[in-house]
Amino acid sequence: MRGMGDAYVWVADLDARPEEAAVLAGRVVDWLEHRGIVRGELTSCLPGDGLGRPPGPHAAHAVTEDAVPTGAACGVVMEIERRVYTGAGLWTATCPHCGAKTEHADSGPDMWTPSWAPLFDDLYAWFGGTGPGSGTCVRCGERADFLAWRMDPPVAVAHLGLVLWNWPPPAEPFLTELSGVLGGHRLVTARTTV
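Here my numbering is used: the first residue of the sequence shown is 252, the next is one more, and so on.
I should point out that these hints are in silico values taken from the structure, not numbers from a laboratory.
Distance ranges between label pairs, derived from CB positions:
| id | residue 1 | residue 2 | range |
| --- | --- | --- | --- |
| 1 | 285 | 387 | 42 to 52 Å |
| 2 | 365 | 424 | 39 to 49 Å |
| 3 | 366 | 278 | 36 to 46 Å |
| 4 | 381 | 323 | 31 to 41 Å |
| 5 | 273 | 443 | 18 to 28 Å |
| 6 | 335 | 364 | 15 to 25 Å |
| 7 | 299 | 365 | 27 to 37 Å |
| 8 | 291 | 357 | 42 to 52 Å |
| 9 | 340 | 301 | 18 to 28 Å |
| 10 | 394 | 301 | 33 to 43 Å |
| 11 | 317 | 364 | 37 to 47 Å |
| 12 | 300 | 277 | 15 to 25 Å |
| 13 | 278 | 357 | 38 to 48 Å |
| 14 | 387 | 293 | 37 to 47 Å |
Where is the CB? At the ideal position from N, CA and C, for every residue including glycine.
Produce the entire structure from the sequences given, and follow the hints as far as they go.
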């Protein structure tokens with residue numbers, strides 16, 4: 252069960268291919284352990300029943316604040332799967348071809364107006380394993396890779412992600428080093444409250 256106010260920071264690797272995600276995840280975990288960012292043992296340090304790695308003695312070197320919170324639910328986990336990483340709130344997608352922006356719905360269960368539902372459907376199809384990783388703009392009709400769409404606040408479509416439960420945002424030097432560990436891959440990060 253998640254506690255009230257739990258949040259996580261995600262760092263998504265935009266360039267990891269599905270067939271290399273597991274190897275890259277192992278490389279990241281080894282690096283995090285070696286640097287003392289996380290401890291080597293898996294414990295029940297995640298919300299719910301999941302296992303993760305608790306903060307290590309040098310965890311504060313990875314974040315923008317002086318200390319990493321301690322407690323039952325402040326662990327780190329690598330996700331090796333097809334994921335759409337988003338924040339908890341509303342976000343906007345901008346077409347790379349014509350600059351059209353998605354429009355937020357005024358009410359109801361949908362995030363965007365019904366006219367933009369096809370783009371959301373494309374995203375869900377990719378997440379479900381049946382879509383091509385691109386979305387069609389309802390204004391100009393052009394299809395573009397999801398990585399080309401400008402999404403604000405950040406949204407990432409990825410096969411590999413680092414999730415830090417109840418940690419402060421990662422520091423830029425940490426993200427730069429992490430990108431190097433991943434072979435110079437592009438990273439996107441944001442915080443989500445649940």
